[in-house]
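We have chain Z already, so just place chain B on it with the hints.
As you go down the protein sequences, you meet chains Z and B in turn.
Using my numbering, count along the first sequence one by one with no gaps and you end on 115.
Using my numbering, count along the second sequence one by one with no gaps and you end on 110.
Hints were generated in silico from the structure; no laboratory data involved.
Since no wrong hints were added, every one of them can be taken at face value.
Which residues of chain Z face chain B? A few of them, derived with a C-beta cut under 7 Å, are:
id: 1; residue: Phe91
id: 2; residue: Leu98
id: 3; residue: Glu103
No residue lacks a Cβ here, since even glycine has one placed at the ideal position from N, Cα and C.
Chain by chain, the residues:
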Amino acid sequence: DAGVIQSPRHEVTEMGQEVTLRCKPISGHDYLFWYRQTMMRGLELLIYFNNNVPIDDSGMPEDRFSAKMPNASFSTLKIQPSEPRDSAVYFCASSPFLGQGHEQYFGPGTRLTVT
Amino acid sequence: TQLLEQSPQFLSIQEGENLTVYCNSSSVFSSLQWYRQEPGEGPVLLVTVVTGGEVKKLKRLTFQFGDARKDSSLHITAAQPGDTGLYLCAGANQGGKLIFGQGTELSVKP
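Chain Z on its own, in the form it takes in the complex (with noise of 0.2 Å):
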């Protein structure tokens, strides 16, 4: 299986403009995760789905964040309008179920530089 695959790699934009990361899932995995991780706050959680249903976004900071996940395969991570502090790294994991002991297995994630 070739993992958590994230898209784009790097994003460079200015502030206002919107930004969609993409996320494909480990196949047959259930559960997609959204994180991001700062110098400040390390890996913050976002948002995670159950079978492309979102089951807890407590960790979306405002209403600028939205997440869907349209199928098992693809999920995508918009933010609009976009602010400087937004910059970070903005990872994508999957895990195959949520409980103890669960391995959550993370994509090469995307960096975001908003200007």
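What follows is chain B alone, placed relative to chain Z:
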């Protein structure tokens, strides 16, 4: 809010030295994991500990889960340059969500 505090935040040592990284919380976790992250990549799972007091070894790495399941440690014996990276602990709450520590940036110089 469950929090995990890792220490030290940064560690720079010479090849061959031993080191210990700590992960502490005031909360109880159902399990605790250690991940390693290299520059430009996502974290990769090293180990999961589930039982209080559990010790697991992975070659030169020894992981321990505290008796009360609130803390954990990672000990590396005879560190090598290939051990360089960001080490993250992550606790699973009852719902299974992972709470990550801030990470320990390890640099092992030859």
